[in-house]
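**Student:** Each protein sequence line maps, in turn, to chains A and B.
Counting from 1, one number per residue, gives the positions in the first sequence under my numbering.
Counting from 461, one number per residue, gives the positions in the second sequence under my numbering.
None of these hints come from the bench; they were simulated from the model.
Treat each hint with caution, since some may be false.
[What the hints assert, rightly or not] Pair by pair, the computed Cβ-Cβ distance ranges are:
| no. | chain 1 | residue 1 | chain 2 | residue 2 | range |
| --- | --- | --- | --- | --- | --- |
| 1 | B | Arg507 | A | Asp423 | 27 to 33 Å |
| 2 | B | His557 | A | Gly36 | 56 to 62 Å |
| 3 | B | Lys517 | A | Pro389 | 56 to 62 Å |
| 4 | A | Asp109 | B | Glu489 | 34 to 40 Å |
| 5 | A | Ser22 | B | Asn549 | 54 to 60 Å |
| 6 | B | Val488 | A | Ser343 | 56 to 62 Å |
| 7 | A | Ala421 | B | Asn549 | 27 to 33 Å |
A quick note: this is a predicted structure, and the numbers were derived from the prediction, not measured.
C-beta atoms are modelled at their ideal positions from N, C-alpha and C, and glycine is treated no differently.
The chain contents come next:
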Amino acid sequence: MAQDVTSDSVLMPLPVELLCLSGWPPAALLFWARIGESEGLRDQVAADFWSGRKERSKQACEKLADGLFAVGRGEEALAALMLAADPGKQKTFEVVLPQLAYAIEHLWDSPIVNVCKPLALRRLGIWWRAARGDFKDEPRSIFYIAYLETRDQDASSHEPPASREQNKGEQQDEPTEPGLVVMPKDKASALDRQSSFKDLLDLRLPLVVARDLGRVRATLMTEYPHATTAIDLVLRNLGNGEPVRLKPLLLTGPAGVGKSRLVRRIGDLLGIGVYRYDGASASDNMFGGSPKGWSNTTPSAPVRAIHQMRIANPILMVDEIEKAGTSSHNGRLWDALLPFLESETAARYRDVSLDVELDLSFISYIATANSIDALPAPLRDRFRIIKIPAPRVSDLPLLAANVLQDLAIENGDQAFIWPLAYDELDLIARSWERSGFSIRKLQKIVAATIEARNATAVRH
Amino acid sequence: MSLVQDHFDRVLRLDVERYLKGQGPRPVELASAPLLERWCVNLVYERIETASSVLFKDTMSLSGHVAKRPGLTDEVLVTMTILIWLDRNEKWARTKHLLYRLGSRSDVAG
């Protein structure tokens, strides 16, 4: 399993990922997560790297570059030099920019790099300008400058230009975006004309297509450094340009490691709505809908998800699936779920409420559970079970920085966040350890630290 | 593309791939590399002519003085060799065609 993960990351060289990020802090975080702990390099420079002082962290980066070159990790070393690049000192670009430009142009050409290449090259253009001294007096980092300078172009070029060109040819009638008719008319003769779901009839719903998976992965990796393996397992079934469709997944791990939030973030980053079905409050088989004969009949949860999101491939999250009621008197959630998890059955699913046949095969099911011991075997077999481990102390710098960023956004101050100092991190680590490495606890601890810092800060 | 050019490109590619694996130039390569004295780095535009248009690409160039023959003092000015990889300790540099050992740095060309 570990082998797979490393071969995946080879596809996307770290320097290219860094180029696509929007500031020094996220770039530093990703870098920090990717270099890992293997060589003990991080421990030597952690204090300087995260010191928040330009010179100190620059020296730390250079030291890291030396260490990484020495152990044969040239790409990461190059990334370290990128982090040391300073628009105020043009010389810092000489040791990184020519090789970076050459490698992007001639060496790195895997499919996943090619997706990010246009953006990377635009950003690289700004780096060249910085090397010329165009931003000599800028206090901001080159990552942020490059982001700001290319932002307008990024927004306008977001839609894929290729699909329009294709359309000029003989495929005039083909719709440009992939789509799916979830409720074909010929199989819906029994549909109640009063039903509010009749607007789905013969309607071609869009299928959301996965784009920029490299960036999705990079973003998730920085946000969940403890769950890198899980993220790779989730994302590896997706292909750039293909509709998002995941095999049923079951994320399991201790309470508070951020399972539900991870599912939401995956949905956000892929541009897909996540429909949440609460397992803890489900003590019947309403997931599958209630039969047509009942006066207030409800269709199954997947149909409701499609109806609400207006896409054919939403993500359906069954939260806390192990807490569902186990009495079989009114049916159980676990049994109601089963038919949806087989893609053949789901492609021709007859909804008991609407009494029509539906194609639900593109819905992705992700369940979360604190433990899977109670789940019946047939259900366990149908889900792919992915463990999300609790974070470790070594993940703290990244996680704390994420929390810090969230706090800053909450306070409406996105521009710059003063990083946590080493002694602050140390303090946080200690109280976090006491509270059992839960992300929820970490949020509270970091907030309290910042409050304490603000209260004791020297003002002038 | 000429055969010679093709060969240069292939060697360059192999070299950069090796540098990216963390291996610098081999000692024997370095020993036989010309020594570039009073060198400097400039930002230039490389002119690339294609069939239909002329492109200008951002590049860095390495300039400096190289002894015409090893051990002799008569030097020639080398300019406009396109820099591909500058060692961060400024001991060596790989340009598009050659590997140089680096001597003293001067920030004004000439």
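**Student:** Compare the structure with each hint and give your call.
**Tutor:** For each hint, the structure was consulted:
1. Taking the beta carbon of each, Arg507 (chain B) and Asp423 (chain A) are about 54 Å apart, not inside 27 to 33 Å as hinted.
2. Look at His557 (chain B) against Gly36 (chain A): about 37 Å separates their beta carbons, and that is not inside 56 to 62 Å.
3. A hinted range of 56 to 62 Å for the beta carbons of Lys517 (chain B) and Pro389 (chain A) is inconsistent with their spacing of about 46 Å.
4. For Asp109 (chain A) and Glu489 (chain B), the hinted distance range of 34 to 40 Å is not satisfied, since their beta carbons lie about 26 Å from each other.
5. Evaluation of the 54 to 60 Å hint for Ser22 (chain A) and Asn549 (chain B) yields a failure: the beta carbon distance comes to about 31 Å.
6. Our hint of 56 to 62 Å for Val488 (chain B) and Ser343 (chain A) holds, since their Cβ atoms are close to 60 Å apart.
7. Restraint check, Ala421 (chain A) to Asn549 (chain B): a C-beta distance of roughly 30 Å satisfies the suggested window 27 to 33 Å.
The structure shown violates the earlier hints numbered 1, 2, 3, 4, 5.
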